[in-house]
Structures are given as structure tokens and as C-alpha cells.
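Whenever a hint applies, use it, and build me the whole structure from the sequences.
So you can see what is in the structure, the chains are spelled out below.
Number of protein chains: 2
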Amino acid sequence: MSNECPIGFIDSGVGGLTVVKEAMRQLPNENILYVGDTARCPYGPRPAEQVIEFTRQMTQFLIKKGIKMLVIACNTATAVALEEIRKTVSIPVIGVIQPGARSALKASTAGEIAVIGTTGTIKSGSYERELHRKAPEVTVYSLACPKFATVVESNQYKSAVAKKVVAETLKPLLLDKPDTLILGCTHYPLLRPIIQNVMGKDTVLIDSGAETVNDVSTMLDYFDLNNFERNEKKTCRFYTTGSPKMFQEIASEWLSFTTLQVEHIHLGGE
Amino acid sequence: MSNECPIGFIDSGVGGLTVVKEAMRQLPNENILYVGDTARCPYGPRPAEQVIEFTRQMTQFLIKKGIKMLVIACNTATAVALEEIRKTVSIPVIGVIQPGARSALKASTAGEIAVIGTTGTIKSGSYERELHRKAPEVTVYSLACPKFATVVESNQYKSAVAKKVVAETLKPLLLDKPDTLILGCTHYPLLRPIIQNVMGKDTVLIDSGAETVNDVSTMLDYFDLNNFERNEKKTCRFYTTGSPKMFQEIASEWLSFTTLQVEHIHLGGE
Numbered sequence: 005m006s007n008e009c010p011i012g013f014i015d016s017g018v019g020g021l022t023v024v025k026e027a028m029r030q031l032p033n034e035n036i037l038y039v040g041d042t043a044r045c046p047y048g049p050r051p052a053e054q055v056i057e058f059t060r061q062m063t064q065f066l067i068k069k070g071i072k073m074l075v076i077a078c079n080t081a082t083a084v085a086l087e088e089i090r091k092t093v094s095i096p097v098i099g100v101i102q103p104g105a106r107s108a109l110k111a112s113t114a115g116e117i118a119v120i121g122t123t124g125t126i127k128s129g130s131y132e133r134e135l136h137r138k139a140p141e142v143t144v145y146s147l148a149c150p151k152f153a154t155v156v157e158s159n160q161y162k163s164a165v166a167k168k169v170v171a172e173t174l175k176p177l178l179l180d181k182p183d184t185l186i187l188g189c190t191h192y193p194l195l196r197p198i199i200q201n202v203m204g205k206d207t208v209l210i211d212s213g214a215e216t217v218n219d220v221s222t223m224l225d226y227f228d229l230n231n232f233e234r235n236e237k238k239t240c241r242f243y244t245t246g247s248p249k250m251f252q253e254i255a256s257e258w259l260s261f262t263t264l265q266v267e268h269i270h271l272g273g274e
Numbered sequence: 005m006s007n008e009c010p011i012g013f014i015d016s017g018v019g020g021l022t023v024v025k026e027a028m029r030q031l032p033n034e035n036i037l038y039v040g041d042t043a044r045c046p047y048g049p050r051p052a053e054q055v056i057e058f059t060r061q062m063t064q065f066l067i068k069k070g071i072k073m074l075v076i077a078c079n080t081a082t083a084v085a086l087e088e089i090r091k092t093v094s095i096p097v098i099g100v101i102q103p104g105a106r107s108a109l110k111a112s113t114a115g116e117i118a119v120i121g122t123t124g125t126i127k128s129g130s131y132e133r134e135l136h137r138k139a140p141e142v143t144v145y146s147l148a149c150p151k152f153a154t155v156v157e158s159n160q161y162k163s164a165v166a167k168k169v170v171a172e173t174l175k176p177l178l179l180d181k182p183d184t185l186i187l188g189c190t191h192y193p194l195l196r197p198i199i200q201n202v203m204g205k206d207t208v209l210i211d212s213g214a215e216t217v218n219d220v221s222t223m224l225d226y227f228d229l230n231n232f233e234r235n236e237k238k239t240c241r242f243y244t245t246g247s248p249k250m251f252q253e254i255a256s257e258w259l260s261f262t263t264l265q266v267e268h269i270h271l272g273g274e
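Line by line, the protein sequences give chains A and B.
In this text, residue positions in the first sequence follow our numbering: the first is 5, and each later residue adds one.
In this text, residue positions in the second sequence follow our numbering: the first is 5, and each later residue adds one.
Hints in this document: simulated from the structure, not taken from any laboratory.
All residues carry an ideal CB built from backbone N, CA and C; glycine is no exception.
Any given hint could turn out to be false.
[Said to hold, decoys possible] The calculated SDA-like cross-link candidates involving lysine to any residue, where the alpha carbons are at most 25 Å apart (straight line), are:
1. 91/B with 237/A
2. 110/A with 261/A
3. 110/B with 109/A
4. 110/A with 208/B
5. 110/B with 73/A
6. 151/A with 132/A
7. 25/B with 253/B
8. 205/B with 165/B
9. 181/B with 202/B
10. 91/A with 165/B
11. 110/A with 160/B
12. 110/A with 111/B
13. 110/B with 233/A
14. 127/A with 240/B
15. 237/A with 9/A
16. 127/A with 179/A
17. 249/B with 228/B
18. 25/A with 109/B
19. 91/B with 226/A
20. 91/A with 207/B
21. 238/B with 141/A
22. 110/B with 209/A
23. 237/B with 267/B
24. 110/A with 253/B
25. 110/A with 249/B
26. 25/A with 91/B
27. 25/A with 207/A
28. 110/A with 26/B
29. 91/A with 8/B
30. 237/A with 139/B
31. 110/B with 261/A
32. 25/A with 139/B
33. 91/B with 6/A
34. 25/A with 36/A
35. 238/B with 140/A
[What the hints assert, rightly or not] DEER-style ranges, computed between Cβ atoms:
36. 159/B with 67/A: 53 to 61 Å
37. 88/B with 69/A: 29 to 37 Å
38. 5/A with 70/B: 26 to 34 Å
39. 167/A with 241/B: 35 to 43 Å
40. 181/B with 69/A: 29 to 37 Å
In C-alpha cells form, the structure reads like this:
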């Protein structure tokens with residue numbers, strides 16, 4: 005395994021790009037490969053077995069491309085497939101839930117923590133379990149926001165529709181008055197300004213994906229996997245099972261890239 | 005290896021207590037064993053081979069006590085012995101230099117980073133190398149502060165002597181005007197108010213030890229080693245090769261503990 009090998013990122017769609025953006029900022033030397041399973045997004049409502057199978061397919065695709073580390077940049081997939089994937093590959097595998105939960109516990113002043121995510125993530129109880137294992141005394145409010153990922157994937161995350169959907173969905177949380185809110189889906193940071201506006205400025209938003217990059221950085225140090233080569237031809241490649249055009253539109257804007265290599269791929273029977 | 009096993013911390017003296025303090029805050033469930041090699045402190049002026057040997061002795065002492073993870077809470081020992089110790093034990097071993105360097109790179113706005121440490125740490129060039137490998141463009145100013153650790157070990161860290169020593173030693177750095185200063189010795193956070201006063205409020209101080217606890221937390225998650233048992237009889241034991249009385253005085257004040265178990269031990273031929 006060479007240090008110049010890329011880090012792999014996988015997500016159900018474009019959400020994991022919020023993790024990639026932070027990775028590009030914190031780890032400018034690293035080569036990056038990304039798979040967004042847009043054709044089968046959202047993962048949220050799917051049964052766990054299916055999410056595990058799809059995650060395994062993305063992982064295998066990237067392993068064949070020679071990645072040195074894998075980031076499951078998707079909360080739904082982390083919730084149900086992280087353990088399974090760790091068992092089957094020999095490279096370090098990092099999920100987004102533990103970093104998000106850890107960061108929320110550090111940030112919370114009143115111990116009133118809310119988590120929003122897909123139906124799959126919320127139903128798995130992963131955040132709640134993780135938070136309570138470490139801090140049984142905190143109160144955790146969990147809310148599934150099934151429409152959010154779809155709004156982002158259809159490139160409507162700045163629209164009036166987005167504002168309406170976010171305001172209506174988060175209404176129950178306003179009564180709970182959490183001091184900290186975990187964005188427990190990597191799609192949600194694209195909705196961040198709207199979410200912050202609805203929750204009010206006193207609620208600290210935790211971007212689980214961005215927090216994950218701290219773990220990636222720690223792991224690169226620990227396993228001595230950093231890429232110290234400054235290469236003008238740095239690799240940053242994106243693969244999608246859906247429309248490369250739509251993916252490119254969202255990714256270019258979000259990552260502020262004028263040109264972006266996006267390639268269509270087939271995974272399994274999709 | 006059980007999750008209830010303690011985490012081991014080793015240092016040349018009381019400096020590592022600054023790491024323990026942060027660990028107690030962030031990881032309240034964890035049992036802690038600490039060795040301070042006060043009798044042979046400071047490590048700074050000693051040859052590398054000797055520091056490696058002393059570090060190995062402390063490590064073996066704690067391995068026999070059944071620790072699940074080792075934190076080399078000493079910059080001098082991390083600089084010269086981390087790789088060696090990692091090779092010889094089967095538990096995860098974490099040093100303080102990579103977390104400190106990583107955090108400084110995140111914090112620095114102007115890329116003007118200063119590092120202060122013992123003669124041994126500065127002579128090893130560890131921080132400079134680590135910073136430049138990741139960010140060749142930053143300017144690094146390194147300054148050995150051979151008297152600082154001794155001032156702390158003799159419990160004079162709030163005295164007029166401390167103020168004078170710090171002001172005189174740091175004088176050359178004032179001309180360099182670093183935007184970020186790494187406290188590259190775990191003793192230095194006890195001198196933090198004085199150091200901040202000398203450097204001015206615009207210089208961001210990085211406590212490499214406290215940053216290390218983030219790595220400890222990440223590693224506990226990654227290796228599934230967290231202790232989730234809430235135990236009223238939590239273990240927190242301190243061993244020193246020097247005077248338990250002096251150790252207890254400094255530790256009790258620094259950690260705000262009224263009672264503290266400190267035991268005298270012999271290591272090697274000291």
C-alpha cells in the first residue's frame with residue numbers, strides 16, 4: 005500500500021461531497037476517489053440488508069482502484085454496514101456517526117442534543133446509542149427527515165421548496181429546544197443556512213461529515229498513510245450510478261470546481 | 005483486553021498531568037494509570053538512547069498493570085521513542101507531536117508557527133519535520149526552553165522566577181511574531197497564563213497534550229476500546245520515581261483533586 009494511493013469516499017449520492025469538501029481543505033495533498041450511488045438514492049427508506057449490499061458494492065469498486073483508506077461518508081450506510089465492511093477489508097474504514105456523536109458531546113453545554121437523519125439512520129438508533137453509552141445523562145431527541153436528502157439530490161437545496169420542507173419537518177424540535185443539533189446525514193450541510201435559520205442562532209449545528217475528516221487525519225497519522233507528495237496532477241475522481249450531469253452541477257457548485265471529472269458507472273443490478 | 009482496563013500515561017515528570025486533566029474532562033469513564041519519572045526529569049538534555057530506555061521502562065511497568073492503550077504524554081519521549089515503543093507493544097500507542105502539529109496547522113492563519121520545547125525535542129526537529137511534510141509553505145520558528153520544565157517540576161510555575169524565566173527565554177520569538185505557538189512540552193500548559201502574557205493575546209497557543217486527547221478519543225472509538233461502565237470506584241493511580249509529596253502537591257492543585265493516590269516506584273537503575 006503506497007501513501008500516494010487515494011482515499012475512497014462512498015455515499016448514497018451527493019451528500020458525501022460535504023465530507024470531501026472538508027477533506028480537500030484539511031488534507032490538500034490527498035488523492036480522492038468518490039462513489040455516489042445516485043441511481044439508488046435515498047438509502048434512508050431501504051431495508052438494512054440492501055444498504056449493506058449496496059455499500060459492499062461501492063467498497064469493492066474502490067478497493068479494486070487501490071484506495072488506502074475508506075470513508076463511509078453516509079450516515080445510513082455507517083449505521084448498518086460499518087461493522088460488516090470493516091470485517092471484509094484490510095484497509096482502515098471510517099464512518100461518520102462516532103465522530104459526529106463525539107463532537108456533539110464536546111459542544112453541548114446543556115446536554116440537550118437533537119439528531120436529524122434519514123428514516124434508516126434514526127430507526128437504527130445509532131446516534132442515540134452512541135451518545136448514551138458515553139453520556140447516559142444527556143437527553144437525545146431523534147427526528148427523521150425523509151424529504152431532506154431528496155431535496156438536495158434534485159438540486160433544490162436553495163429553493164423555496166427547501167425552506168418550506170425544512171421548516172415543517174423541524175417544527176417538533178423547536179419545542180424540545182436542543183442546545184446542539186447533529187446533522188446526521190451528509191446531505192444536510194447543503195441545507196445548513198436554512199436549518200440554522202429555523203432552529204435559531206443559539207443551537208449549535210454539528211456537521212458529522214466535517215468532523216469525520218478530523219478522524220481521517222488522525223488515522224492517516226496513526227497508520228503512517230499521509231501523502232506528502234505535492235503533485236500538480238492530483239487525482240480527484242467522481243463516479244456516480246446516476247446522471248453525471250446532475251452530479252456535476254451540484255458538485256461543481258458545492259466544491260467550487262470549474263471542471264470536475266464525473267464518470268457514470270454500473271454497480272450490481274441497478 | 006477488556007474495555008475496563010486503564011489507559012496508561014507516561015511522562016518525564018508532572019507535565020503529562022496536563023494531558024490527564026483533559027482526558028478526565030473528555031473521557032470521564034476511563035480508568036487511568038500514570039507514571040512520572042520525576043527522579044530522572046528533565047529528559048530534555050539527555051541523549052536519545054537514554055530517553056528511549058527510560059520510556060521503555062515506564063511502558064513495561066504499565067503493560068504489566070494491564071493497560072489497554074498507552075499515551076506518551078511527553079514530547080521529548082515522543083520525539084525519540086514513539087516508533088520504537090510502537091514496534092515492541094501490541095496495544096495502540098499515541099504520542100503528542102502529531103496531534104500538536106496537526107492542530108497548529110488548522111489554527112494558523114498566517115502560516116507563521118513557532119514551537120517551544122525541551123532541548124531534546126527541538127534538537128530532534130520533530131515538529132518542524134511534521135509541519136513541513138504536510139505544509140512546506142509554512143515558516144517554523146523553533147526555540148528550546150531548557151529551564152521551563154524544571155520551574156514546573158519544582159512547583160514554582162506561578163512564581164516571579166517563572167515570569168522572569170519565561171519573559172527572557174521567549175524574547176527572540178517576539179521579533180518573529182508567530183500567529184501560532186505550539187507548547188511542545190506537556191509541562192508548559194502550567195505556564196500558559198505567563199506565556200500568553202509574554203506573547204500577547206493575538207498569538208494562538210496550542211496545547212499539544214490536550215489535542216492528543218482528541219486522538220485518544222478517536223482511537224478508543226476506532227479500536228472499540230471505550231469503557232462504558234460507570235464505576236464509582238474509578239481507578240486513577242499515579243506513580244512517581246521521585247518524591248510522592250511534591251508530585252501530590254502539584255497534581256492535586258492542577259487536577260483539583262483533594263485526595264490523590266501517589267505511589268513511589270523504582271524503575272531500572274535510578
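Hints versus structure:
1. Using a Cα cut-off of 25 Å, the hinted pair residue 91/B and residue 237/A is violated, with the two alpha carbons roughly 35 Å apart.
2. Between the alpha carbons of residue 110/A and residue 261/A the distance comes to roughly 33 Å, so the proposed pair goes past 25 Å and is violated.
3. With a C-alpha separation of about 21 Å, the suggested pair residue 110/B and residue 109/A falls inside the 25 Å cut-off, and the hint holds.
4. A hinted pair counts as satisfied when its Cα atoms are at most 25 Å apart, and residue 110/A with residue 208/B qualifies at roughly 20 Å.
5. At roughly 22 Å between alpha-carbon atoms, residue 110/B and residue 73/A fall within 25 Å of each other, so this suggested pair holds.
6. Taking the CA atoms of residue 151/A and residue 132/A, the gap is near 21 Å; set against the 25 Å cutoff, the hint holds.
7. For the proposed pair residue 25/B and residue 253/B, the alpha carbon gap of about 15 Å is at most 25 Å, so the pair holds.
8. For the given pair, residue 205/B sits about 22 Å from residue 165/B by alpha-carbon distance, which is consistent with the 25 Å threshold.
9. A threshold of 25 Å between alpha carbons decides the hint, and for residue 181/B with residue 202/B the separation of about 12 Å falls inside it, so the pair holds.
10. As the CA atoms of residue 91/A and residue 165/B are separated by approximately 57 Å, the hinted pair breaks the 25 Å bound.
11. A hinted pair counts as satisfied when its Cα atoms are at most 25 Å apart, and residue 110/A with residue 160/B does not qualify at roughly 32 Å.
12. At most 25 Å may separate the alpha-carbon atoms for a hinted pair to count; residue 110/A and residue 111/B meet this at roughly 18 Å.
13. Restraint check for residue 110/B and residue 233/A: the C-alpha separation of about 19 Å stays at or below 25 Å, so the hint holds.
14. Between residue 127/A and residue 240/B, the direct Cα distance comes to roughly 38 Å. Violation of the 25 Å bound is thereby established for this hinted pair.
15. Taking the CA atoms of residue 237/A and residue 9/A, the gap is near 13 Å; set against the 25 Å cutoff, the hint holds.
16. A threshold of 25 Å between alpha carbons decides the hint, and for residue 127/A with residue 179/A the separation of about 21 Å falls inside it, so the pair holds.
17. At roughly 37 Å between alpha-carbon atoms, residue 249/B and residue 228/B are farther apart than 25 Å, so this suggested pair is violated.
18. Proximity of residue 25/A to residue 109/B is assessed by CA-CA distance (about 17 Å); at most 25 Å being required, the pair is judged to hold.
19. Restraint check for residue 91/B and residue 226/A: satisfied, since their Cα atoms lie roughly 13 Å apart, inside the 25 Å limit.
20. For the hint pairing residue 91/A with residue 207/B, the CA-to-CA distance comes to about 45 Å; that exceeds 25 Å, so the pair is violated.
21. Taking the CA atoms of residue 238/B and residue 141/A, the gap is about 18 Å. The hint holds against a cut of 25 Å.
22. Restraint check for residue 110/B and residue 209/A: the C-alpha separation of about 20 Å stays at or below 25 Å, so the hint holds.
23. The suggested pairing of residue 237/B with residue 267/B holds, with an alpha-carbon distance near 18 Å, which does not exceed 25 Å.
24. This hinted pair does not check out: residue 110/A and residue 253/B have alpha carbons roughly 29 Å apart, beyond 25 Å.
25. A threshold of 25 Å between alpha carbons decides the hint, and for residue 110/A with residue 249/B the separation of about 34 Å lies outside it, so the pair is violated.
26. For the hint pairing residue 25/A with residue 91/B, the CA-to-CA distance comes to about 35 Å; that exceeds 25 Å, so the pair is violated.
27. With a C-alpha separation of about 23 Å, the suggested pair residue 25/A and residue 207/A falls inside the 25 Å cut-off, and the hint holds.
28. With a C-alpha separation of about 12 Å, the suggested pairing of residue 110/A with residue 26/B holds against the 25 Å cut-off.
29. With a CA separation close to 24 Å, the supplied pair residue 91/A and residue 8/B stays within the 25 Å bound.
30. A C-alpha spacing of about 18 Å is found between residue 237/A and residue 139/B, which places the hinted pair at or below 25 Å, so the restraint holds.
31. Proximity of residue 110/B to residue 261/A is assessed by CA-CA distance (about 22 Å); at most 25 Å being required, the pair is judged to hold.
32. With a C-alpha separation of about 18 Å, the suggested pairing of residue 25/A with residue 139/B holds against the 25 Å cut-off.
33. Distance hint between residue 91/B and residue 6/A is fulfilled; the C-alpha atoms sit about 20 Å from each other, no more than 25 Å.
34. Taking the CA atoms of residue 25/A and residue 36/A, the gap is near 11 Å; set against the 25 Å cutoff, the hint holds.
35. Simply put, residue 238/B and residue 140/A have alpha-carbon atoms about 17 Å apart, close enough for the 25 Å limit, and the pair holds.
36. Remark: the range hint 53 to 61 Å for residue 159/B to residue 67/A is upheld by a beta-carbon distance near 55 Å.
37. Remark: the range hint 29 to 37 Å for residue 88/B to residue 69/A is upheld by a beta-carbon distance near 35 Å.
38. Take residue 5/A and residue 70/B: their Cβ atoms lie about 32 Å apart, and the range 26 to 34 Å holds.
39. Our hint of 35 to 43 Å for residue 167/A and residue 241/B is violated, since their Cβ atoms are close to 56 Å apart.
40. Checked against the hint of 29 to 37 Å, the pair residue 181/B and residue 69/A fails, with Cβ atoms roughly 45 Å apart.
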